[in-house]
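Asker: Between the sequences and the hints, there should be enough to build the whole structure, so can you do that?
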Amino acid sequence: AQSVTQLGSHVSVSEGALVLLRCNYSSSVPPYLFWYVQYPNQGLQLLLKYTSAATLVKGINGFEAEFKKSETSFHLTKPSAHMSDAAEYFCAVSSIGGSQGNLIFGKGTKLSVKP
Amino acid sequence: GAVVSQHPSRVICKSGTSVKIECRSLDFQATTMFWYRQFPKQSLMLMATSNEGSKATYEQGVEKDKFLINHASLTLSTLTVTSAHPEDSSFYICSARVSGGGYGYTFGSGTRLTVV
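Line by line, the protein sequences give chains R and G.
Here the first sequence stands for residues 1 to 115, numbered as in the numbering used here.
Here the second sequence stands for residues 1 to 116, numbered as in the numbering used here.
Treat the hints as calculated values from the structure; they're not laboratory data.
Any given hint might turn out to be false.
Within a straight-line C-alpha distance of at most 27 angstroms, the following computed DSSO-like cross-link-like pairs (lysine-lysine) qualify [unchecked claim]: (1) G:Lys41 - R:Lys107; (2) R:Lys110 - R:Lys68; (3) G:Lys41 - R:Lys114.
Answerer: This is the structure we're talking about:
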């Protein structure tokens, strides 16, 4: 079975500060890992994904994440937070070749950015 | 890029009535569509997986007779909430797996259902 744990349901940073959103996964098979952002009453927008290529993945809006197998982690970072980054962020895992292939989501982390 | 158009974005209905939510893949063929439900301030929970031309697979605890899913074509999947009750009020999101251009998923913009 696969699962994702996001540490911290709410993270608050100042504008211009480093953003670090934590995600740990559990998977018995090589995982595909995703980070999504959700603004209020909207669907999910893909920030980046790891699909067994480069372990450091760069995404949109200046976000990046590093896949660390030894730590079973896929933390999301951004060097300098903008006010527009305030949103809900979800980490998700999918199994390679899984019969269903659906995403399994973490509980989400709400990012607040203070001026 | 692959786009899924979801309608309506917001709907209010009376208790006991049915509501249909549509998800259309605009520029690709969606052989598989996932339907999720999201409660306020919570994560997305998979309700069911629909495959074009076959019956949907429902997750444990999801009433298949209440949440009717139809995936009659490669570009359209629908979720009908039958005999809706206030506890069915939620945010429903569809998602399609995209096979071209790398492994990924694209999401609809979601439907906010309020049952009064």
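Asker: Lysine 110 of chain R and lysine 68 of chain R: Cα distance at most 27 angstroms?
Answerer: holds, 23 angstroms
Asker: When you check the alpha-carbon spacing of lysine 41 of chain G and lysine 107 of chain R, does it fall within 27 angstroms?
Answerer: holds, 9 angstroms
Asker: Hinted pair, alpha-carbon criterion (27 angstroms max): lysine 41 of chain G, lysine 114 of chain R. Please report holds or violated.
Answerer: Status holds; Cα separation ~20 angstroms.
When held up to the earlier numbered hints, the structure conflicts with none and fits them all.
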